[in-house]
Every structure is written in C-alpha cells, then in structure tokens.
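A.B. asks: Here is how the chains run, residue by residue.
There are 2 protein chains.
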Amino acid sequence: MRGNKVLDDIKNYEAGLPIELVVREFGIDTKDVVKLASNENPKGTNPNVVKAIIDGANNAHLYPDDSFYELKEALSDKYLVSSKNIIIGAGSDQVLEFISRAFLSEDSKVLMTKVTFAMYEIYAKQMGATIIRTPSYEHKVDEFIASYKKHNPKIVYICTPNNPTGDAISRVDVLKIINAIDKETLVVVDGAYMEYASAKDEKYKIEPKDLIGFSNVIYLGTFSKAYGLGGMRVGYGIANLDLINLISKLRPPFNITTLSLLSAIEALKDEEFVKDSIEIHKNQLKRYEIFAKENKLKYIDSYTNFITYIFDDNIDSTQISNSLLKRGVIIRNLASYGMNAVRITVGTEKQNNRLFEVLIEELSNAK
Amino acid sequence: MRGNKVLDDIKNYEAGLPIELVVREFGIDTKDVVKLASNENPKGTNPNVVKAIIDGANNAHLYPDDSFYELKEALSDKYLVSSKNIIIGAGSDQVLEFISRAFLSEDSKVLMTKVTFAMYEIYAKQMGATIIRTPSYEHKVDEFIASYKKHNPKIVYICTPNNPTGDAISRVDVLKIINAIDKETLVVVDGAYMEYASAKDEKYKIEPKDLIGFSNVIYLGTFSKAYGLGGMRVGYGIANLDLINLISKLRPPFNITTLSLLSAIEALKDEEFVKDSIEIHKNQLKRYEIFAKENKLKYIDSYTNFITYIFDDNIDSTQISNSLLKRGVIIRNLASYGMNAVRITVGTEKQNNRLFEVLIEELSNAK
Chain D
162 MRGNKVLDDI
172 KNYEAGLPIE
182 LVVREFGIDT
192 KDVVKLASNE
202 NPKGTNPNVV
212 KAIIDGANNA
222 HLYPDDSFYE
232 LKEALSDKYL
242 VSSKNIIIGA
252 GSDQVLEFIS
262 RAFLSEDSKV
272 LMTKVTFAMY
282 EIYAKQMGAT
292 IIRTPSYEHK
302 VDEFIASYKK
312 HNPKIVYICT
322 PNNPTGDAIS
332 RVDVLKIINA
342 IDKETLVVVD
352 GAYMEYASAK
362 DEKYKIEPKD
372 LIGFSNVIYL
382 GTFSKAYGLG
392 GMRVGYGIAN
402 LDLINLISKL
412 RPPFNITTLS
422 LLSAIEALKD
432 EEFVKDSIEI
442 HKNQLKRYEI
452 FAKENKLKYI
462 DSYTNFITYI
472 FDDNIDSTQI
482 SNSLLKRGVI
492 IRNLASYGMN
502 AVRITVGTEK
512 QNNRLFEVLI
522 EELSNAK
Chain A
162 MRGNKVLDDI
172 KNYEAGLPIE
182 LVVREFGIDT
192 KDVVKLASNE
202 NPKGTNPNVV
212 KAIIDGANNA
222 HLYPDDSFYE
232 LKEALSDKYL
242 VSSKNIIIGA
252 GSDQVLEFIS
262 RAFLSEDSKV
272 LMTKVTFAMY
282 EIYAKQMGAT
292 IIRTPSYEHK
302 VDEFIASYKK
312 HNPKIVYICT
322 PNNPTGDAIS
332 RVDVLKIINA
342 IDKETLVVVD
352 GAYMEYASAK
362 DEKYKIEPKD
372 LIGFSNVIYL
382 GTFSKAYGLG
392 GMRVGYGIAN
402 LDLINLISKL
412 RPPFNITTLS
422 LLSAIEALKD
432 EEFVKDSIEI
442 HKNQLKRYEI
452 FAKENKLKYI
462 DSYTNFITYI
472 FDDNIDSTQI
482 SNSLLKRGVI
492 IRNLASYGMN
502 AVRITVGTEK
512 QNNRLFEVLI
522 EELSNAK
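Order-wise, the sequence lines are chains D and A. Residue numbers for the first sequence follow my numbering, so the first one is 162 and each next one is one higher. Residue numbers for the second sequence follow my numbering, so the first one is 162 and each next one is one higher.
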C-alpha cells in the first residue's frame with residue numbers, strides 16, 4: 162500500500178545506540194560498555210523515585226489518572242503558572258509532535274538553526290512542511306529575524322541550550338526574537354537542558370512565566386535530563402490557555418505510564434537531586450575542557466550535560482565514533498548533522514576516565 | 162493562534178474516570194472506590210513483572226533499547242512471524258495513530274461499526290477523514306461489504322472482540338470481509354481483547370499469521386488487558402514488511418518507557434498468568450449474566466473482560482452511572498456512544514459484589 166505523499170521523504174530519528182546492541186554486535190560485556198551518547202543523567206535515577214517505583218509497581222495494571230492532576234499541580238507550584246497552562250507529553254518530544262500536527266501543512270515553513278534537535282525537522286516533515294535553517298548553528302538574533310522576515314515560517318524553534326551543540330542564547334535575545342515575530346507564528350522555546358544553563362549563568366535562564374504572556378509562545382521542559390528520568394518519557398509544554406487547549410486535542414489518552422506519572426511527581430519533590438546532578442556535572446565538564454585543550458581539540462562552550470568536540474580535517478568524526486564503539490564506548494557522531502564533530506555526554510568520573518583513555522588512543526591512531 | 166482546520170471538529174477521548182478524581186470530588190476513601198470502567202485486569206500486575214520492575218527501577222534514567230530487539234524477538238516466537246513484521250506502540254492505540262496519519266487525509270473515508278472503539282474516529286478526524294458506520298454495532302459481513310462498496314473507504318476497522326460492546330466476529334467472517342476488499346484499502350484487525358475471545362470459542366481466534374499474507378491488513382494486540390499492563394502502555398502491530406516500514410516512519414524514538422519494555426518482555430514469559438486471568442474472569446462473568454437475568458437487564462454476550470448492560474427506556478444510563486459514581490463505583494456510561502447502556506469491567510469477586518449491591522439499589526431507586 163502507498164502511504165501519504167509526505168512520508169516519502171522521511172527518515173527516522175537516529176537514536177543513540179543502546180548498550181544492548183553493542184553487547185550483541187561486538188561481544189562486549191554489559192558492564193564494560195560506556196554509553197555517553199544519549200545525555201542520560203550519570204547520577205542515575207533519584208533514589209526517592211526508585212522507591213516510589215518500587216512502591217507503585219503493583220499498580221502497573223492500572224491506567225494513570227489521565228488528567229495528570231497531581232503532576233500539573235506540582236509543575237504549577239514550581240513554575241508559578243496555572244495548571245491549566247500545562248500539557249503533559251511522553252517526553253517534551255511528544256509535545257513537539259502535537260505542535261507540528263496542530264499548525265503545519267504542506268504549505269508551511271519552519272525556522273530553526275543550522276544544527277539543532279533532529280525531531281523538529283522530522284515532525285515538520287511528517288506534515289510536509291519546508292525546513293528553513295539559519296546560517297549558524299548558534300541562535301543569532303539577527304539571523305533569526307532576517308530569516309523570519311524573508312520566509313514567514315509558521316513555527317520558529319529556539320532550542321536553548323541547544324542540542325547537539327551545547328551553546329545557549331540569553332533570555333534577552335530570546336525576547337528580542339519573540340518581539341520581532343508576528344502573533345500568527347508560533348515560537349517554541351525548548352528548554353530540555355535549561356537546568357544546566359540556568360545554573361551556569363543566570364542570563365541564560367528562561368522560565369515559563371517569562372513567556373506565558375505571549376499568545377504565540379510555548380515553553381517546553383523535560384524530566385529526562387537534570388531530573389534523571391530519560392527512560393520514563395515525561396515532558397511538558399507551558400503556554401497560554403488557548404494554545405494548550407488547541408494542542409491538547411492531539412494528546413492521546415494515557416500518554417504517559419502510571420509509573421512515569423508517579424516518578425515525575427516524586428522527582429519534583431527533590432530539587433536537591435537536580436542541584437547535586439549539576440554540581441557533579443560541572444566538575445566533570447571541566448575535565449572535558451582540559452582534555453580538549455591538552456589534545457588541541459576545538460570544543461563548544463557547553464551549557465548542557467554534554468560537550469561537543471569539533472575535529473579538524475585530519476580527523477573524521479565517523480571513524481573516531483566507530484573506533485570507540487568497537488571498544489564499547491558509545492558517543493554521538495554528528496556527521497549526519499553536517500558537522501565533523503562528536504557529542505559526548507559528560508558521564509560519571511569513571512565513565513569519563515574510560516572515554517579519555519580510549520579517545521586519546523584513537524585520536525593518535527587516526528592521525 | 163489558529164490551528165489546522167481539521168482540529169475544529171475534534172473532541173477528546175473520554176477516559177474512564179480515575180480513582181483519584183472520585184476521591185477528590187466525592188470525598189470517598191481510596192480503598193472504598195471500585196473502578197470497573199477501564200477494563201483493567203482484576204488479577205492485578207503479574208508478580209513476575211512486579212519483580213522485574215523493582216529490579217529495573219534503578220535504570221529509569223536510561224532510555225530503552227529503541228530497536229525493542231528482545232521484545233520483538235519474544236513476540237516473534239509467540240506469534241510465529243518475523244520480528245521485522247512487528248511495530249511497537251505506546252499501547253496499540255499509538256499504532257492506530259500511526260496508521261491514521263500514514264493513510265488518511267481530508268479526502269479519505271474510514272469504515273467501522275456503529276459502536277466501536279472511540280479512538281478510530283478520533284484519530285481519523287485528526288486527519289480530516291469522514292467517518293462511515295455500519296447500521297449495526299456488531300460486525301456483520303454483509304453490512305461491511307455493502308458499505309465498503311458504496312463508500313470506498315481508505316481504512317476498514319474490525320474490532321474483535323468489539324469494545325465497548327463485547328461481541329466478536331469469527332475468523333471466517335473476518336476473512337470474508339478482507340477478501341472482499343481491494344488491496345488499496347487497509348483493514349485493521351484490532352485484537353486488544355483477543356485472548357478472551359480465543360479462550361471462549363476457538364472460531365473467534367484470529368492470529369497475526371492468519372493475516373500477514375495480505376498486503377493490506379494489520380493485526381493489533383496489546384499488553385493492557387489479559388497481560389495486565391494497562392498502566393505501562395505497550396501494544397503492537399503485526400503486518401507485512403512494507404506496511405510496517407511505512408508506518409514506522411511515524412514512530413517517535415523511545416515511544417515506550419524503559420520499564421514498560423522490560424515489563425512486556427517479562428509478561429510474555431508467563432502465559433500461565435494470562436490463562437489464570439481468563440479462568441477467574443469466566444467465573445465472575447457468569448455472575449454478571451445471572452445478575453442480568455435476575456434483574457431483567459439485557460446484556461450483550463461478552464467475548465471480553467467486560468460486559469455491556471443495555472437498559473430499557475425506563476432506566477437512563479447516565480443517571481445510573483452518576484448514582485454509582487457518587488457511591489464510589491465507577492463504570493462506563495455508553496450514552497456518548499449513542500447507547501442507553503453501561504459497560505462494566507468484570508472485576509474481582511469483592512469488586513463485583515459491591516457493584517451488584519450498589520447497582521441493584523440504584524436500579525430500584527431509578528424506577
């Protein structure tokens with residue numbers, strides 16, 4: 162059978178390779194695999210959440226409260242917005258899907274930076290929309306405004322801090338972009354890694370309440386990174402009521418699991434875990450910066466829980482990533498993003514030791 | 162902002178009310194609420210699955226293996242089809258969404274019975290498709306073929322056994338419908354409750370391998386009912402390779418959780434749990450049939466884990482459902498499906514005792 166025409170041009174998202182695959186393909190022991198490819202929290206799952214999951218495991222046969230009442234109330238308290246302004250998704254990813262399906266068509270354009278989160282393009286293409294990119298991978302105000310004026314996109318994506326590059330755009334600059342944009346264009350401010358940027362430099366901190374006054378802006382957040390719940394698939398969108406009501410029409414019932422719901426509720430009770438995660442991360446991130454300098458690698462100053470190393474022409478990111486993979490170290494090659502670069506999640510001290518050990522050898526082999 | 166035109170006409174799915182809401186609204190103790198509204202397995206979560214969740218809780222921060230390798234291998238062994246013929250969804254629900262988005266447009270029609278699973282309509286309307294229904298709530302071969310010839314729908318939905326009515330259509334009759342339909346129309350055979358129908362009468366048993374030879378047929382199954390994992394959101398579609406590859410373009414990465422994946426894998430190792438669930442169910446279902454006869458209620462012979470009582474004009478299903486709700490007993494009113502009827506999940510012996518006790522009183526009050 163033939164599907165809708167828009168599907169002809171769609172590639173699937175290239176997920177970070179799972180540990181299981183490396184074990185199967187290369188015969189490496191699970192315990193010897195170091196996965197630094199999916200920006201998972203190296204601090205692991207919050208012990209309070211682990212306890213909540215254990216206590217709730219008996220209820221896996223029961224559907225969750227589809228109103229997500231308690232979770233929305235907790236997010237409402239955290240962000241000082243009404244619970245009615247919140248939509249819950251299976252990861253902020255799913256909210257991106259709702260947005261794309263609510264606003265895009267084959268006549269639409271969407272605007273994003275040269276290198277940013279791959280799902281913006283994938284969801285937009287599922288609707289047949291045309292992708293417009295700014296010249297730089299960074300979010301530059303002038304480039305965004307010029308490109309907006311030229312192309313009149315239906316959606317503008319601002320990923321800050323940006324994935325997979327790690328740079329960020331300041332609150333002031335985000336507001337400049339928003340203010341230059343007509344109310345019929347939706348601005349998505351994707352703060353999946355915002356906790357890391359906020360902790361590093363206050364001027365990059367963007368909160369939902371900064372944006373909720375705009376009828377055409379939605380803020381996205383997630384439990385997958387700083388809250389350490391990547392495997393549970395919980396994210397959210399925060400926006401004015403009309404926008405939330407509109408995209409809620411595309412939310413399927415029970416779109417997060419019963420255990421995901423209680424995990425997110427529990428995680429929100431423990432901001433100390435997030436602070437600790439970020440503190441540990443900061444120290445380990447410094448090691449990656451020092452490693453880069455010592456080995457004459459370019460890197461992008463990181464406002465996230467990963468770092469991006471950019472290689473000179475004498476090193477090939479695909480070759481390096483594959484060499485590491487065969488030795489059980491999984492990182493993300495950015496060749497498919499058009500960059501001769503790799504994105505490495507800043508892991509635990511031990512994981513990072515192993516990464517440095519293997520990478521230094523493979524860099525030397527490659528030259 | 163204005164969304165795509167197709168959204169104007171969309172209502173959200175009316176989920177079975179959660180226990181939490183009844184506790185909040187009516188001040189009833191959680192332990193006193195009896196929820197028989199969402200066809201959850203009264204046997205609870207499989208203890209082996211509970212153990213697997215407890216053992217895996219520490220990995221909630223890690224994304225699942227997005228290839229779902231082990232789960233697909235297990236389903237492949239169970240159904241004697243290749244793992245390449247399988248797509249995993251967040252419930253079979255999500256596979257319905259993929260199908261709708263892959264094949265429908267504002268020019269499409271979809272065909273289903275008068276009363277069937279609400280998400281067929283909701284997902285089809287999200288694409289702007291026109292809904293065509295057969296005159297009967299049962300799946301009647303002649304009605305399907307006549308309506309197919311008249312309307313030339315893009316998708317034909319066969320929900321067997323049917324939700325929310327509980328009746329089923331035989332394998333022979335399903336094949337009659339399939340054989341009457343052109344290869345450019347997709348036939349969806351939704352077997353969410355198939356384990357119950359198969360156990361009751363072999364002639365209603367439909368397996369993926371019966372259907373996989375047809376290029377335009379997909380079978381859907383779920384872990385939510387007989388396997389007791391409603392809260393974990395895992396379902397699947399099984400079809401020929403081209404069809405699976407096509408709808409896989411719409412599958413988002415990590416669309417089930419890490420704990421959902423291990424739960425489903427564990428659940429598949431224990432078919433005894435499913436057999437026991439069905440055995441307990443059979444005995445309790447008999448009590449619902451006897452209750453109906455004693456109280457002169459019409460019911461639909463059930464091939465599922467619920468039963469549908471149809472009321473005469475002197476009883477109003479909305480009034481009865483609301484009266485029960487205020488007393489902490491949640492059942493599903495079928496008024497929104499155009500039936501003066503209620504759907505009741507066959508619960509545990511104790512839950513059913515309470516249902517009978519309250520229902521008999523409210524029926525007598527209503528007269």
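Hint data in this document are derived by calculation from the structure and do not stem from the laboratory. Bear in mind that the values here come from a model prediction, so they are computed numbers and not experimental data. Just so you know, not all the hints are guaranteed correct.
Note that the list lumps identical chains together, so a pair holds whenever it fits in one copy or between two copies.
Stated by the list, open to error - In silico lysine-lysine, DSSO-like type, Cα no more than 27 Å apart, as pairs:
#1 233 <-> 196
#2 270 <-> 233
#3 275 <-> 459
#4 301 <-> 487
#5 212 <-> 192
#6 212 <-> 447
#7 212 <-> 430
#8 344 <-> 172
#9 487 <-> 233
#10 172 <-> 361
#11 233 <-> 192
#12 337 <-> 364
A.B. asks: Give a verdict on every hint.
C.D. replies: Structure-based check of all given hints:
1. 233 <-> 196: For residue 233 and residue 196, the Cα distance is within 27 Å only across copies (23 Å; inside one copy 32 Å).
2. 270 <-> 233: Close neither inside one copy (32 Å) nor across copies (37 Å); limit 27 Å.
3. 275 <-> 459: within (19 Å within a copy, 64 Å between copies)
4. 301 <-> 487: Neither: 38 Å inside a chain and 57 Å across chains, both beyond 27 Å.
5. 212 <-> 192: Both: 24 Å inside a chain and 22 Å across chains, each within 27 Å.
6. 212 <-> 447: neither (32 Å within a copy, 40 Å between copies)
7. 212 <-> 430: This pair counts as both: shortest intra-copy Cα distance 13 Å, inter-copy 26 Å.
8. 344 <-> 172: between (31 Å within a copy, 26 Å between copies)
9. 487 <-> 233: Only across copies: residue 487 and residue 233 sit 25 Å apart there, 44 Å inside one copy, limit 27 Å.
10. 172 <-> 361: The answer is neither: 35 Å in one copy and 43 Å across copies each exceed 27 Å.
11. 233 <-> 192: Cα proximity of residue 233 and residue 192: across copies only (24 Å, versus 38 Å in one copy).
12. 337 <-> 364: Answer is within; shortest intra-copy Cα gap is 14 Å, inter-copy 66 Å.
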